[in-house]
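J.: Each chain, written out:
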Amino acid sequence: MVKRVRVRSLMPPGHVRAPAYLRGKTGVIERSLGAFGNPEQLAYGLPAEKKPLFRVRFTMAELWGDQAERPADTLDAEIYGHWLEEVPDHAP
Amino acid sequence: MPHDHHDHDHDHDHDHHHHGLSPSGHPYRQDDDAPLTYWQRMEIAVRELLIEKGVTTAAEIAGQIDLMDSRSPANGAAVVARAWTDPAFKSRLLDNAGDASREMGFDIGPLHLIAVENTADTHNLIVCTLCSCYPRNLLGLPPDWYKTRAYRSRAVREPRAVLTEFGLDLPDSTTIRVHDSTADMRYIVLPARPAGTEDLTEAELAELVTRDCMIGTGLPRTPQTGATAG
Chain A
1 MVKRVRVRSL MPPGHVRAPA YLRGKTGVIE RSLGAFGNPE QLAYGLPAEK
51 KPLFRVRFTM AELWGDQAER PADTLDAEIY GHWLEEVPDH AP
Chain B
93 MPHDHHDHDH DHDHDHHHHG LSPSGHPYRQ DDDAPLTYWQ RMEIAVRELL
143 IEKGVTTAAE IAGQIDLMDS RSPANGAAVV ARAWTDPAFK SRLLDNAGDA
193 SREMGFDIGP LHLIAVENTA DTHNLIVCTL CSCYPRNLLG LPPDWYKTRA
243 YRSRAVREPR AVLTEFGLDL PDSTTIRVHD STADMRYIVL PARPAGTEDL
293 TEAELAELVT RDCMIGTGLP RTPQTGATAG
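Residue numbers (my numbering), protein chains in the order written: chain A, 1 to 92; chain B, 93 to 322.
The set of hints was computed from the structure by calculation and includes no laboratory data. Please note: incorrect hints may appear among the correct ones.
[Claimed, not checked] Residues from chain B that face chain A, not an exhaustive set, calculated with beta carbons under 7 Å:
| hint | residue |
| --- | --- |
| 1 | D191 |
| 2 | S224 |
| 3 | T256 |
| 4 | E257 |
| 5 | D261 |
| 6 | L262 |
| 7 | S265 |
| 8 | T266 |
| 9 | V270 |
| 10 | A275 |
| 11 | M277 |
[To be verified] A few chain A residues that don't get close to chain B, going by computed Cβ distances all over 10 Å:
| hint | residue |
| --- | --- |
| 12 | V5 |
| 13 | A18 |
| 14 | L33 |
| 15 | L63 |
| 16 | A77 |
Built from N, CA and C at the ideal position, the CB exists for glycine as well.
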């Protein structure tokens, strides 16, 4: 089953690895990558919790709207689980 | 090379050197005399402290630099050529490209590598918008353009325009998949094997694999056309 997720629309200070251009955008989980140390702590030499990491696939239409060169082209990025919120599927 | 200054009156009967130009008429490159940046000073200070405190040695650092310099796109080319000739290896590569590269004997350290496959209707392109993430432990250092703001910002926004500038015009029927290396994974494109290469050996196939085709900004070379002698 395709799992739809939205990147949280947060703008916290400090080192984060969720690119700003993807925040608030909805995509699907392309694959799970396992758990990795949270870069938001690693960047400051702090003990880092392991956080689940996912590859999320977005359509260019979702990212750039009418400006997309070809709407069905895609962009995949690695996003940590704590940056993702589930998007309920449409009515069954 | 054009030169148009007539504002001096010295003897032109002998070969004279224009100011700042070599005898062949090319500008001399400036000496690299710029002062150290803040971060260069920081790197030197931390490196010297680590050596002073016995955490590492100058020889270890030189050894790591040599190891990185010994890595080159030829490593990736060997991996690609193996995938083109060995279907079982290809499936292991697409499953876990890091382990498949280690299996071939490449010392890639803890690199987490994902191979993305170009097919008849899919083309993959790799970028790191946040910095310059690149599978250095397999391919060596990235090209300078890979780290530019222009490539990093445009590859995700207008990949087709970028590819056109690299000389790659993909038909509208081809889906482009851009991969932004935002975290712990690194990426290598597994290009499609060129037509007309059925008779080539694995080593000959590796010769066709360029650095750019493993980033996705190029395609593999096509074999030399025309009859090969003997």
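J.: It remains to establish, for every hint, whether it holds in the given structure.
T.: Comparing the hints with the structure gives:
1. Taking 7 Å as the C-beta contact cut-off toward chain A, the hint placing B:D191 at the interface is violated, the least distance being around 14 Å.
2. Residue-level restraint check for B:S224 is violated (minimum Cβ-Cβ distance to chain A is 14 Å; threshold 7 Å).
3. Hint status for B:T256: violated, given a least beta-carbon distance of 10 Å to chain A, over 7 Å.
4. About 13 Å separates the beta-carbon of B:E257 from the nearest beta-carbon of chain A, more than 7 Å, and the hint is not met.
5. About 13 Å separates the beta-carbon of B:D261 from the nearest beta-carbon of chain A, more than 7 Å, and the hint is not met.
6. Taken as an interface hint, B:L262 does not check out: its beta carbon lies about 10 Å from the nearest beta carbon of chain A, beyond 7 Å.
7. Interface restraint check for B:S265: the shortest CB-CB distance to chain A comes to about 10 Å, outside 7 Å, so the restraint is violated.
8. Hint on B:T266 is violated. Least Cβ distance to chain A is approximately 9 Å, over the 7 Å limit.
9. Against a cut-off of 7 Å between C-beta atoms, the interface hint on B:V270 holds, since the closest Cβ of chain A lies about 5 Å away.
10. Residue-level restraint check for B:A275 holds (minimum Cβ-Cβ distance to chain A is 4 Å; threshold 7 Å).
11. Residue-level restraint check for B:M277 holds (minimum Cβ-Cβ distance to chain A is 6 Å; threshold 7 Å).
12. Residue placement check: A:V5 keeps its beta carbon more than 10 Å from all beta carbons of chain B (closest about 15 Å).
13. Residue-level check failed: A:A18 sits 7 Å from the nearest beta carbon of chain B, not beyond 10 Å.
14. The beta carbon of A:L33 sits about 6 Å from the closest Cβ of chain B, which is not more than 10 Å, so the claim that it is off the interface is violated.
15. The non-interface label for A:L63 is inconsistent with chain B: the shortest C-beta to C-beta separation is roughly 8 Å, within 10 Å.
16. Interface exclusion of A:A77 from chain B breaks down, the closest Cβ pair being 4 Å apart, not more than 10 Å.
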